[in-house]
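Undergrad: Sequence:
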Amino acid sequence: MKSMRQSLPKQCRLQARAMMNHKVRDSMHFYYDYRLVSKLLLGYDFRKNKFESDTPPLLVIRTELLWSDWVRVNEWLSGDAPQPVTQQSVLKIHDTSLKQLVVTKTLDSHGQRKLCRALAEEYRMYSLLIQRAVNLSPSEKRETMNYAKNACPEIHWERLPGPVS
Numbered sequence: 069m070k071s072m073r074q075s076l077p078k079q080c081r082l083q084a085r086a087m088m089n090h091k092v093r094d095s096m097h098f099y100y101d102y103r104l105v106s107k108l109l110l111g112y113d114f115r116k117n118k119f120e121s122d123t124p125p126l127l128v129i130r131t132e133l134l135w136s137d138w139v140r141v142n143e144w145l146s147g148d149a150p151q152p153v154t155q156q157s158v159l160k161i162h163d164t165s166l167k168q169l170v171v172t173k174t175l176d177s178h179g180q181r182k183l184c185r186a187l188a189e190e191y192r193m194y195s196l197l198i199q200r201a202v203n204l205s206p207s208e209k210r211e212t213m214n215y216a217k218n219a220c221p222e223i224h225w226e227r228l229p230g231p232v233s
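With this note's numbering applied, the sequence shown corresponds to residues 69 to 233, in that order.
Mixed in with the good hints, there may be bad ones.
Below are the DSSO-like pairs computed for lysine-lysine, each with C-alpha atoms no more than 27 Å apart in a straight line [claimed, not checked]:
no., residue 1, residue 2
1, Lys173, Lys78
2, Lys116, Lys209
3, Lys118, Lys91
4, Lys107, Lys209
5, Lys217, Lys182
6, Lys217, Lys78
7, Lys209, Lys182
8, Lys217, Lys173
9, Lys91, Lys116
10, Lys91, Lys78
11, Lys78, Lys182
12, Lys173, Lys107
13, Lys91, Lys209
14, Lys118, Lys107
15, Lys107, Lys91
16, Lys91, Lys182
17, Lys118, Lys209
18, Lys116, Lys217
Each pair of labels, with its calculated beta carbon distance range [what the hints assert, rightly or not]:
no., residue 1, residue 2, range
19, Val141, Gln79, 37 to 45 Å
20, Asn203, Thr174, 16 to 24 Å
21, Val139, Arg185, 30 to 38 Å
22, Ser205, Gln79, 18 to 26 Å
23, Trp144, Gln83, 36 to 44 Å
24, Asn142, Glu222, 33 to 41 Å
25, Lys217, Gly179, 15 to 23 Å
Since the hints were derived computationally from the structure, they do not count as laboratory data.
Predicted model, so just to flag it, every value in this text is computed and none were measured.
Ideal placement from N, C-alpha and C gives every residue a C-beta, glycine not left out.
Please work from the sequences and hints to get the whole structure.
TA: Spelled out as structure tokens, the structure:
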């Protein structure tokens with residue numbers, strides 16, 4: 069049986085590597101990842117390994133808890149006069165259940181480990197952002213980081229900031 073590396077076209081591997089290293093903008097999600105957003109919007113200084121002291125409050129909406137985080141951020145931003153947002157209106161816009169997805173296979177354990185290693189820096193920045201979030205409680209931050217830790221146990225989580233128990 070051919071290994072995954074041998075079966076993937078070289079062009080695909082090169083494109084993936086270039087995207088992970090901010091060399092192409094084919095995918096805005098990969099180009100504007102947590103590292104770049106932290107630098108551009110939050111003034112993260114990679115030489116000093118810290119955020120600027122006058123960084124504004126950070127609100128985080130986690131994909132796995134999208135709706136509940138969205139409602140809480142809406143309440144946080146609108147203060148005493150929360151603006152109503154209905155889940156139905158959001159679902160109409162973002163419902164992808166009927167779309168034909170390009171990806172039809174899942175990664176094997178070897179592919180999962182490689183992907184986790186490739187995303188280690190992204191996870192480090194994710195951890196920093198979660199710890200700075202003003203709309204998450206300490207237990208929610210811990211729960212979120214444990215979720216990430218379970219997804220990629222090979223990452224050296226003890227070297228990342230914040231509580232990961």
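Undergrad: All the hints need checking, so say for each whether the structure fits it.
TA: Verification of the hints:
no. : hint                        : verdict
1   : Lys173 - Lys78              : holds, 19 Å
2   : Lys116 - Lys209             : holds, 24 Å
3   : Lys118 - Lys91              : holds, 24 Å
4   : Lys107 - Lys209             : holds, 21 Å
5   : Lys217 - Lys182             : holds, 15 Å
6   : Lys217 - Lys78              : violated, 31 Å
7   : Lys209 - Lys182             : holds, 26 Å
8   : Lys217 - Lys173             : holds, 23 Å
9   : Lys91 - Lys116              : holds, 24 Å
10  : Lys91 - Lys78               : holds, 17 Å
11  : Lys78 - Lys182              : holds, 17 Å
12  : Lys173 - Lys107             : violated, 34 Å
13  : Lys91 - Lys209              : violated, 32 Å
14  : Lys118 - Lys107             : holds, 10 Å
15  : Lys107 - Lys91              : holds, 17 Å
16  : Lys91 - Lys182              : holds, 20 Å
17  : Lys118 - Lys209             : holds, 19 Å
18  : Lys116 - Lys217             : holds, 25 Å
19  : Val141 - Gln79: 37 to 45 Å  : holds, 40 Å
20  : Asn203 - Thr174: 16 to 24 Å : violated, 32 Å
21  : Val139 - Arg185: 30 to 38 Å : holds, 35 Å
22  : Ser205 - Gln79: 18 to 26 Å  : violated, 46 Å
23  : Trp144 - Gln83: 36 to 44 Å  : holds, 39 Å
24  : Asn142 - Glu222: 33 to 41 Å : holds, 36 Å
25  : Lys217 - Gly179: 15 to 23 Å : holds, 19 Å
This entry does not satisfy hints 6, 12, 13, 20 and 22, going by the numbered hints stated previously.
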